Each structure stands twice: as structure tokens, then as C-alpha cells.
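Number of protein chains: 2
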Amino acid sequence: MKVKHLKKYFLPFILLAVIGFLLVAACGGAGGETDAPESAAVSGDINAIASERGLTPADIEAAVRTYTPTGMHDEYIMFASGGHSGQMFVIGMPSMRMLKTIAVFTPEPWQGWGYGAQSTMEVLDQGNINGEEIRWGDTHHPALSETAGEYDGEWVFINDKANARIAVIDLRDFETKQIVKNPIAINDHGGTMVTPDTEWIIEGGQYAAPLGWEYASLDDYAEEYRGMVTFWKFDRESGRVQYDQSFAMELPPYWQDLCDAGKLVSEGWVFCNSFNTEMATGGVEDGNPPFEAGASQRDMDYMHIINFDKAVEVAQAGQVEMVADFPVISMQTAIDEKLLYFAPEPKSPHGVDISPGGEYMVVSGKLDPHVTIYSFDKVLSAIEAGGFKTDDYGIPILAFDDVVEAQVEVGLGPLHTQFGPDGYAYTSLFLEPAVARWTMGGEYEDLNEDPPWSLVTKTPVHYNVGHIATAEGDTVSPDGKYLVSLNKWAIDRFQNVGPLLPQNFQLIDISRPGITMPLLYDMPIGNGEPHYAQIIKADKLDPWEVYPEIGWNPATQSPDPNATLAGEERIERDGNNVEIWMSAVRSHFSPEHVEINEGDHVTWHITNVERAYDATHGFALPGYNINISIEPGETATFEFDATHDGVFTYYCSEFCSALHLEMVGYMLVKP
Amino acid sequence: MKVKHLKKYFLPFILLAVIGFLLVAACGGAGGETDAPESAAVSGDINAIASERGLTPADIEAAVRTYTPTGMHDEYIMFASGGHSGQMFVIGMPSMRMLKTIAVFTPEPWQGWGYGAQSTMEVLDQGNINGEEIRWGDTHHPALSETAGEYDGEWVFINDKANARIAVIDLRDFETKQIVKNPIAINDHGGTMVTPDTEWIIEGGQYAAPLGWEYASLDDYAEEYRGMVTFWKFDRESGRVQYDQSFAMELPPYWQDLCDAGKLVSEGWVFCNSFNTEMATGGVEDGNPPFEAGASQRDMDYMHIINFDKAVEVAQAGQVEMVADFPVISMQTAIDEKLLYFAPEPKSPHGVDISPGGEYMVVSGKLDPHVTIYSFDKVLSAIEAGGFKTDDYGIPILAFDDVVEAQVEVGLGPLHTQFGPDGYAYTSLFLEPAVARWTMGGEYEDLNEDPPWSLVTKTPVHYNVGHIATAEGDTVSPDGKYLVSLNKWAIDRFQNVGPLLPQNFQLIDISRPGITMPLLYDMPIGNGEPHYAQIIKADKLDPWEVYPEIGWNPATQSPDPNATLAGEERIERDGNNVEIWMSAVRSHFSPEHVEINEGDHVTWHITNVERAYDATHGFALPGYNINISIEPGETATFEFDATHDGVFTYYCSEFCSALHLEMVGYMLVKP
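Chains as they are written, first to last, in my numbering: chain A, 1 to 671; chain B, 1 to 671.
Simulated from the structure, these hints should not be mistaken for laboratory data. Being a predicted model, the structure only gives us computed values, none of them experimental. Some clues are possibly wrong.
To be verified - Listed next, the stretches of chain A that the computed footprint assigns to chain B, with coverage defined by at least 3 CB atoms under 8 Å from CB atoms of chain B:
#1 48-55
#2 75-87
#3 104-118
#4 483-497
#5 543-555
#6 610-617
#7 635-648
C-beta atoms are modelled at their ideal positions from N, C-alpha and C, and glycine is treated no differently.
Model the full assembly from the supplied sequences, consistent with the hints where possible.
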């Protein structure tokens with residue numbers, strides 16, 4: 001059937017909407033007060049207001065450094081992992097306001113993610129494992145795409161530690177476009193990190209298992225269990241990981257943890273830390289040391305140093321073994337081709353962080369009070385010099401003293417290091433808990449007045465900091481200015497909201513040198529547990545306001561063949577298959593009646609024909625677990641079997657206009 | 001097998017943890033700066049900092065009125081619906097920080113909601129419809145439990161518009177305990193609201209359908225389609241809706257929208273608004289007026305006035321018809337027993353709001369520029385006087401002029417009214433968009449110096465406000481002080497984050513009389529679309545810090561028979577059924593090895609034996625879609641079939657200690 005439009009019915013409502021928007025426009029960027037004269041004269045009262053609320057002068061300063069009034073945009077945008085929420089969080093800085101949750105591994109109906117829309121179901125299904133629908137993830141380490149070592153604002157990637165998967169998010173529409181399951185590992189941790197031009201996405205492993213996670217007894221741990229690092233080829237043009245051009249490297253069954261790509265002088269190399277080089281296999285129930293003890297016996301673990309450019313050549317030359325149909329460079333090949341070296345690193349470290357110029361690799365052993373700084377030059381010289389000892393698997397071990405540049409004693413439980421633009425580095429201290437500022441030496445020595453390789457100051461945090469993030473901190477030119485401490489416990493920082501408490505992001509001002517490093521803001525995180533974050537200058541992002549054309553398919557980022565222009569809405573039947581082409585516009589769906597029969601298979605396309613910024617419509621279908629979010633221009637498709645007869649009202653689930661409640665239709669399923 | 005514990009392995013780590021916590025304790029409530037001397041002297045620089053950031057004097061004041069430094073708790077807590085996210089949001093005020101998302105209708109793995117834990121799967125399954133797992137909701141109107149008309153901080157309820165369900169959340173642990181599917185309706189809207197002592201939870205309908213949502217043609221709309229309001233009996237002792245003591249009332253197929261319970265002088269009555277009294281049935285595709293036009297023809301709709309105390313008597317006397325095995329008072333019985341009256345209300349209103357003393361019912365027709373204030377006294381008198389006209393269904397209609405107390409012209413698109421303590425009322429204006437302050441008359445006239453029943457001022461908002469909420473605004477004694485405008489569109493207020501934008505909560509200071517009503521804060525909402533909120537004084541909440549005993553079952557709020565004390569961990573096998581009793585403590589699970597066979601059915605209990613505040617552990621099982629959040633003291637149980645052989649590492653997904661990464665075990669599934 002063809003849909004007729006009776007424009008006369010809409011005119012009063014279009015008029016109302018126009019009036020509304022003219023009034024909005026008239027308000028312009030005004031702060032929203034109607035009492036402007038008073039507002040302009042209140043500054044004398046500030047101390048009285050502060051005093052009444054119990055604020056100190058430092059609090060007032062912090063308030064003024066972070067408060068971001070209506071319509072003023074934040075200077076930086078943080079992309080934080082969501083931990084076992086499986087999502088990613090987008091946070092404005094310095095206001096520390098959560099701008100968006102991006103659904104990644106976990107269905108989320110506000111975004112219409114995983115509640116019927118084909119474009120979302122297909123991405124989620126890419127992450128299925130052994131045929132099981134895995135519908136959560138443990139997102140850990142977001143990585144913004146880079147061009148020449150600078151964040152470019154085009155893509156962001158993230159891993160799922162629980163299930164060894166990575167996801168690709170398009171920053172034109174802030175939607176997940178691809179999930180890739182690692183075929184050789186059941187868990188990961190050292191991902192995602194990118195090479196300086198985002199040609200490769202790095203995914204390091206965590207808990208060793210037989211490659212392909214096939215069964216093998218723990219008695220055969222040393223022989224059968226393995227670590228790994230996987231290198232995913234990313235194609236910027238298609239916006240997709242190229243599975244066929246990717247490869248992995250077999251590693252000993254130490255627990256690889258976090259990796260970083262070399263940059264500038266060390267570009268072409270990759271560094272990963274590891275722990276449990278003891279190869280403890282646990283078993284507290286049988287009188288063995290538990291993992292926490294067994295994996296913490298040795299004073300040194302191994303930093304992994306990978307000649308990545310050469311590894312790519314080796315993989316491309318076909319010097320690989322296939323595991324689960326995926327190319328893997330074996331340990332022996334890595335040794336033979338001089339792809340892999342170890343350097344001792346103290347003790348159970350969490351990550352290795354490369355200095356902005358690529359000259360230094362910084363490792364913090366969480367059971368050692370120092371940060372240990374390795375020189376890339378010295379690593380190259382040591383490799384050149386040869387004459388190595390090896391580990392039990394024959395992997396060459398560079399001598400600690402040959403490659404270390406410096407050690408700085410920072411405090412208890414050092415975990416993660418970030419860099420500023422001014423020769424300062426920052427390390428989180430889980431146990432104190434605090435963030436330490438210390439100085440780099442060498443090329444960085446003259447950038448501040450503090451002595452090189454020395455602790456400068458610490459700012460206490462609340463409580464138990466894991467990672468930290470500085471503005472543009474993983475690039476070749478960090479901005480400094482702000483540091484965020486990703487604290488794992490909040491305890492008493494906020495109103496108690498039950499036994500499960502939020503985490504606490506603390507914003508620290510690192511814009512001034514020396515001992516001045518005040519806390520600015522506490523931000524509770526009550527919908528996930530972020531592990532890592534990257535912070536980009538906001539003006540590098542340029543997302544679409546609306547989709548480029550009416551009838552856009554976000555999965556393909558191109559026009560959808562089932563786009564429905566106004567006037568072309570219709571319902572077609574072919575046997576038991578019913579296909580619907582629907583339009584959505586303020587404030588009605590067309591058609592408003594859908595009459596089908598019990599047992600029909602229904603394929604339903606909806607196009608949001610709006611071009612107005614923010615004119616999103618939702619589509620909710622009761623009783624069928626379907627909810628779609630249709631942004632301006634988008635065409636969404638979903639399918640279902642009409643298994644139950646009855647009257648079902650579909651309606652717009654995104655409040656779109658004064659007559660939003662009237663944006664409804666009846667689906668009648670005849671028995 | 002019995003688990004042996006070797007305490008000596010743990011000592012070094014316990015020591016580290018103790019050092020960490022002592023250091024935390026030493027920091028105390030300090031603001032976190034190490035540069036206290038500077039902080040104490042900065043107040044002179046405030047204007048310079050503000051100027052550099054482009055802040056006005058009004059911005060500085062707003063910053064100081066809202067900034068809440070580390071460790072200082074918010075004065076109020078807002079419970080906001082999450083819209084089609086299906087969740088509820090907990091927000092601190094005046095800082096406007098999101099403290100927690102409470103998972104309600106949608107699975108959420110950070111909270112372990114719907115990812116294996118039996119106590120959560122059972123609640124979600126209560127919401128299944130026609131045997132379908134419905135795993136999202138469209139939460140609209142939270143209602144805090146009340147005692148004598150005051151929020152008491154014990155429970156909060158919320159409805160799912162999409163599927164006509166309500167949920168019960170326990171504020172001891174901020175977890176959802178019950179989902180109830182309405183058996184006669186497929187969608188709702190007018191819920192949840194509570195009676196002044198929370199004996200009843202009100203759920204009004206929305207889009208008319210045959211009761212039980214059975215099939216009936218739209219041609220038979222007037223005869224076969226019906227509206228409804230359902231009254232759910234709530235038992236505070238068990239913390240559950242008593243399905244067997246609940247009942248509904250059949251209403252004409254007008255679209256009931258929002259309800260409110262009478263209070264004080266009007267206690268025992270319930271009021272609902274309605275729209276589409278035109279009984280439009282849509283069908284734009286066939287040349288009919290679309291719903292937005294068809295449902296907006298008449299100048300008056302009907303406020304529903306329900307003698308609720310009497311309705312309870314009628315229901316309890318058995319004067320009901322059973323629909324889908326649920327007792328329903330028929331329209332004819334409602335007429336005969338004088339339970340239901342109508343009063344004309346202008347035009348397509350959104351809700352009816354009862355004044356704090358219960359004297360007035362305020363209705364805003366969104367296509368009429370006035371708020372219309374009805375007098376409860378006049379309603380009683382009109383009922384007493386008799387001599388009514390009736391609608392087509394025979395329901396008596398009170399004459400508009402007999403029951404109206406006043407009308408105040410407030411502006412374009414009035415939607416929702418809230419009250420302050422000072423004779424002011426506030427109405428949201430969707431189309432302007434703005435929040436209007438106007439004065440009540442009668443008993444409220446002397447509470448401020450403005451003339452009664454008159455518009456005082458408006459504060460523009462950005463953009464398109466739906467509901468508003470004032471502190472303790474739905475109680476018999478509103479606090480005023482703060483008002484939050486729940487704006488549906490954000491447009492340019494924040495950094496663009498793609499075509500799907502956040503909503504915008506704007507905090508407005510209503511503490512001062514007259515025209516002073518400044519905007520204080522913009523809060524993006526980027527993980528759902530809240531519709532309504534209630535705001536409680538924070539000190540009325542008293543949640544548990546940890547569960548009362550080790551081995552607590554949150555579903556029953558009592559000790560779990562499968563609680564596992566340290567030293568009692570074990571694995572038992574009975575044929576293909578394997579049952580595991582595990583403990584979790586910083587930083588290991590016990591046991592660390594679980595060896596099973598492919599094809600086994602596994603039942604797994606984990607007890608978090610911690611008593612420390614915030615010492616939550618997670619439990620992630622790769623490849624099996626299982627993630628549990630186990631708060632201190634909790635016992636969780638999950639079951640699965642070991643369908644795939646291999647090596648699966650389970651680990652703690654909540655960062656719990658410096659050796660959190662070592663909190664892991666191996667599940668070995670033999671082929």
C-alpha cells in the first residue's frame with residue numbers, strides 16, 4: 001500500500017515547533033539567568049557563599065578552574081574504558097562530566113545497541129565464542145588512532161580482557177563498528193595500543209593458556225601453555241581490522257600484561273611487560289601458594305622487547321605456524337630471526353610506558369618502590385653487542401645494568417607512568433595511594449628546574465589509584481595541564497549508595513612546575529570500572545551532527561538500500577514474510593497501523609527523515625524485546641517472528657517534541 | 001576435597017595492604033594538595049583564573065554554589081529514571097555528579113546484573129512476557145517510598161512504559177528486588193506513584209488496548225479497547241508487591257497519562273490526567289489524521305478523579321471481574337459505586353500534580369498556555385451536589401467552572417508542576433523552553449510577597465524541558481532550594497559526541513524569592529533519557545556499607561544456605577552435576593583450579609568473605625557470558641553447562657588490591 005500524506009494536519013504542530021526554536025534562538029548563549037543585574041554584582045558574596053558551604057580558598061580556586069557554564073565546551077575529551085560494564089565512557093575535562101557511554105561489548109537500549117537493530121546485532125555477533133553469545137566485556141585500555149604519533153580523533157579502539165576481543169569505534173558517529181575475537185587466546189590484557197600511524201593495533205595476552213585455549217593439564221604448563229601478542233592490521237579507509245593481514249607471536253607462558261609501541265627514535269619496536277615469570281600455577285586448595293604469592297617470588301620479571309618491523313617482514317614472508325587458522329610466529333622463529341629479547345624488570349610490573357620522544361621505556365614494578373627507566377639506545381647497543389644469557393625457552397636476556405638508564409624511588413605500589421610536556425613524568429602509587437611527579441633526564445633535563453631523575457612531589461589520592469592519564473599523554477607531544485587519577489576505591493568520598501560503590505576519578509592540576517600539583521575535582525564513576533583512559537584535545541574531534549544523507553546505514557557508513565523517503569512508506573507481503581518500510585518524523589511514524597498474522601516473519605525498516613541536529617527518534621516495540629535509536633538520517637532494520645497475537649503499541653522512545661507522546665502506532669497481530 | 005590454607009604466603013601482601021590503608025588514614029580528609037601554603041593564599045587570583053577561562057561573575061557564583069570538594073557529601077540525592085536505558089540513575093546534588101546507575105530492567109555486567117547470578121536472573125525473568133525474555137525497559141517515573149507523605153529513604157519504585165512493568169528497589173543495597181508484569185496492559189505511563197504511607201503503588205496506563213492486549217480490530221476501538229489504572233499493594237515487611245492483593249480499574253480508552261495520589265486533605269483519592277479523549281485511532285497511511293493531530297482536536301480532555309479508599313473497599317468486597325486472572329473493577333461498577341468522576345482539563349495535559357497540603361490539583365495542558373488549578377474542596381462539593389453530565393461511557397463529568405480554583409498563564413507548552421515550601425509552584429514549558437515560577441493562592445498566599453495565582457518569573461532552559469523536580473518536591477513538605485530541569489535536547493550545550501547527543505539536566509537555584517532564579521549547572525546525561533526524578537535529603541538514606549553477615553543473599557536479604565566460610569571451600573560431584581563452594585578474599589579465589597568434564601552441569605557458589613567497606617570482588621568467566629559482582633559479605637550462585645572443552649581463566653573483574661591481577665584461577669574442561 002502507498003501512504004498518503006495530509007499535510008494540513010501537521011501545520012499547527014510545525015508552527016508550535018518553529019515558535020519553540022525561535023525562542024531558543026532568541027535566548028542565544030545566555031547563561032540562563034533572568035536576573036542579570038544581580039549576577040553581575042555577586043562577586044563580593046563569593047566568600048560568604050563558600051563559607052556557608054564549608055569551602056576553603058583552595059576549593060574556590062578548584063571550582064573556578066573546573067566549572068564549565070552552560071554552552072561552554074570542555075577543552076579536553078577523555079575516552080575511558082568501562083571495565084566490566086563492557087562499554088567506553090566519554091568525559092569532558094576539566095568539568096569531568098560524562099558526555100556519553102558508548103556501547104561496545106554490552107547491549108544498551110538507550111543507544112539501541114543489541115535490541116533488534118541489525119547493524120548492531122551483527123557487530124555483537126562478531127564477538128561470539130564457541131557459538132555462545134557473549135554479551136559483556138571487560139574493557140581495559142582505549143587507544144585513540146594516531147597520525148605521526150599524535151591523536152587524530154578519527155577512531156578509538158578497546159580490548160575485552162575477559163574474552164580476548166578488540167573493538168573498533170568510529171568517531172564520526174561514536175559507534176562501535178567491529179568486534180574481533182582473538183582466535184588463539186581466551187583472555188587478553190595488553191591491548192589496545194596503536195603504532196604511531198595506526199597501521200597496527202597491539203593486543204597482548206594475560207593469563208597463559210594453550211594457544212587456541214584447547215584443553216591441557218596444568219601439569220604440562222611449561223610445555224603446553226603459552227603467552228602471546230597479536231598484531232591486528234587496521235585499514236583506515238574501510239575502518240576495519242584486516243583479519244587476513246594480522247598475525248601473532250608465541251611467547252613463553254609468563255603473563256604478559258601491557259604493551260606500548262615505540263615512537264620516533266624507537267618506532268618499529270614494541271615493548272611489553274610481564275609477571276608470573278615464576279610460572280606459578282596456583283592451587284591454594286591443594287596446599288600450593290596461591291597465585292598472588294606464587295607469582296610474586298622473583299625480584300625480576302621480563303620486559304619483552306620486540307623488533308616489530310622485522311616481525312612484520314617475517315610474518316609477511318610466511319614464516320608462521322597456523323593456530324586456529326591464524327598465523328603465529330613461533331618462539332623459535334622469533335629467536336632465530338632476532339625478533340624478541342628480554343630485559344629484567346623489577347618486580348611484577350604493570351605496563352611499560354614509552355617517553356614522548358621514544359628514548360626511554362619506563363617500568364614500575366608494583367612490588368618495588370622504584371620506577372626503572374631503560375634507554376632504547378642502550379637496548380640497541382646491548383643487542384648489537386650480543387653474548388646473552390637466555391631464559392628456559394632460549395630467549396635472549398639483556399643484562400639489566402647494560403640497558404637501565406636510571407631508577408627513581410617514587411613510593412609504594414607504583415603502577416603506571418604518564419608524561420607531561422615539561423620533562424616531568426607521573427607515576428601512580430596504588431598503595432600510598434598518591435600520584436608522584438618525577439623528572440626525566442637526558443633530552444628532557446632542561447625542560448624544568450628540578451634535578452633530573454628525581455622525585456619532585458606527590459599528591460595524595462582517594463583511594464587506590466590504578467592507571468593515570470595526562471592530556472594527550474600517550475602522544476609524541478603530551479599537553480600536560482591535567483592529570484586524571486583513576487582510583488579504584490571511593491570508600492567515604494561520596495554519599496554511600498549501597499555496598500557496591502562508585503570508583504573515583506580525581507582531576508589534578510599539573511600545569512605548574514615543581515611542588516604545585518593540587519587536586520581539582522572528584523568524579524564518581526558509578527556505571528563501570530574504568531582501567532585506562534586517553535585524553536584528546538576536544539578540537540581534534542569532528543563528529544557528524546547528523547548522518548550525511550537521509551537513509552544512512554551506520555554499519556556500512558553509506559546509503560542503505562532500504563532507505564524510506566517520505567511518501568514511499570509501504571508494507572509488502574510475500575507468503576508469511578512481511579516487509580515494512582517506515583518513516584519517522586516529528587511527531588509520527590508512517591504507517592501508524594501494521595496488521596500482520598501470528599506466525600509471520602517481519603522485516604521492518606525505519607528511516608528517520610529529520611535533518612535537525614539532535615532530532616533522534618526511538619522505536620520501542622513492547623513484548624518483543626525491541627528498541628531502536630534512530631539518529632537523524634539513519635535507516636534501521638530489524639526482524640522478528642510474530643509469535644504472539646494481540647495488540648502491541650509501538651512508540652517513539654526518545655522524547656522528540658511537544659507531541660512526542662502522540663508518536664505511536666498499533667501493531668495488530670491476528671491470531 | 002577440603003581446602004588447606006597456607007597463611008605464610010599471604011603475610012607479605014597483608015602487610016602491604018595494611019601499610020596502604022594506614023597511609024590512607026594518615027591523609028584523612030585533607031583536600032589532597034601537597035602545596036597547602038599556596039592553596040590558602042590563592043583567593044586573590046580567582047578573578048584572574050575566571051577571566052582566563054571566560055567565566056562571568058555569575059559563573060563564579062554558580063561554581064561556588066555547586067562545587068563539592070573531595071570527601072564532602074552532597075546535600076540531596078536525586079533518583080532519576082533512565083528512560084529507554086531501562087535503568088535508574090542516582091545523582092548527587094548540588095554537585096550534579098552521577099553516583100550510580102542502578103540496573104533495573106536491563107542486564108548490566110558491572111553490577112553483575114543478568115550475567116549469571118541467580119538472584120538477578122530470577123528478578124529479570126519475573127518480567128518475561130508471553131515467555132519472551134524482555135531485557136530492556138523504558139523507565140519513566142521513580143517514586144520514593146513515603147511515610148506520612150514524607151520520603152523515608154527505604155524503597156524506590158519505577159515503571160517500564162514499554163512493557164507495563166514495575167520494579168521494586170531496596171535502598172539498603174540499591175538493588176532491584178522485584179519486577180511485576182501488569183497482566184492486563186502491554187504499556188503503561190502513569191507510574192509509579194505511591195500513597196502517602198506506601199501501602200499502594202499506582203500504575204496508570206497509556207495507549208489503550210483490549211485488556212490483556214488480546215487481538216481486536218481498531219474498528220472496534222470504542223467497544224473493545226480500554227484504559228486502566230492498576231493499584232499494587234506493597235508490603236514493607238517483605239519488601240515485595242503483593243500481587244494477590246492488588247487490583248485494577250477499567251477506564252475508557254482515553255490515553256491515561258500520569259497520576260498522583262492525594263495527600264493530607266485529599267488522602268484516599270487518586271487523580272490521573274488523560275489525552276486522546278477524541279479516541280483517535282491514527283492511520284496517516286490511509287488518509288486519516290495522524291495521532292499527533294487526531295488526538296489534539298478537542299479543547300478539553302478529562303482529569304480522572306478516583307475515590308481510591310472506596311475503590312479498595314469495592315475490590316476487597318470482590319466486586320471485580322477477572323481479566324487474565326487479575327481482579328478489575330469494571331467501569332460500570334466504578335460508576336455505580338461512585339468511584340470515578342471526570343473534570344474537563346485543557347488540552348492534552350501531561351500529568352496532574354497535587355499541592356503539598358493536598359488542597360489543589362494542578363494540570364498543564366501542553367497545548368494551552370495556562371496551568372489550571374482545581375480545588376479538592378470544590379470537587380467534593382460538586383460530587384455532593386450531583387446532577388452531572390456523563391461521557392459516552394456514562395462516567396459523570398463535573399462542570400469545569402464548579403471545580404476550578406484558578407488559571408495562571410505561564411507560557412508555551414506547559415508540562416509538569418512542582419512545588420516549593422514558600423507558596424511558589426514551578427511549571428516546565430517545553431516550547432519556550434523555560435521553567436516558570438508562579439504563586440499559589442489560598443492557604444499558600446501569605447508565604448511570599450508576590451500576588452497569588454500569578455506568574456513571577458521564568459528561567460530559560462536548554463533545551464525542551466520535560467519534567468522538573470524540586471528537592472523533596474512530591475512530599476507534604478517540599479524543601480525547595482534546588483530545581484532540576486530535565487531537558488530533552490542538548491544541541492550545542494556540550495562538545496558534539498556524534499549524532500546521538502546526551503540530554504541536559506539543568507540545576508536551578510530556587511532558594512531566593514521573587515525573580516531571582518539563576519541557573520547553576522548543566523549536567524549532560526549520556527547514558528539514558530531520564531523522564532522524571534525525585535530528590536531526597538541525603539541524610540534520610542542509610543544504606544548498608546557491607547552486607548550484614550558473611551554469606552548474605554541479596555535476593556532474600558537473609559543468610560544464604562550456600563554461604564562458604566573460609567576453610568569450607570569444596571567441589572562435589574554427583575554424576576554429571578558438579579557443585580562448587582568458593583570463597584573470595586583479597587587477593588585470591590579458593591579453589592584456584594576447577595577441573596570438570598565437557599557436558600557437566602555446574603552450580604557454582606562464591607562468597608566474598610570481606611568485611612571491609614568497598615571490598616567488592618568480581619568474578620569473570622570467559623567464553624560463558626558470566627560476570628558477577630560480589631559485594632562484601634555476599635554469596636552469589638550461578639549455573640551453566642560446560643558445553644565446550646578447553647582452558648578458561650576465571651578472574652576478579654573488580655580491581656581489589658595491588659595483587660588484583662593475580663586473583664585468578666583455571667577452569668579446565670576435559671574433552
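The hints, checked one at a time:
no.: 1; hint: 48-55; in the structure: holds (count 5)
no.: 2; hint: 75-87; in the structure: holds (count 6)
no.: 3; hint: 104-118; in the structure: holds (count 7)
no.: 4; hint: 483-497; in the structure: holds (count 10)
no.: 5; hint: 543-555; in the structure: holds (count 5)
no.: 6; hint: 610-617; in the structure: holds (count 3)
no.: 7; hint: 635-648; in the structure: holds (count 6)
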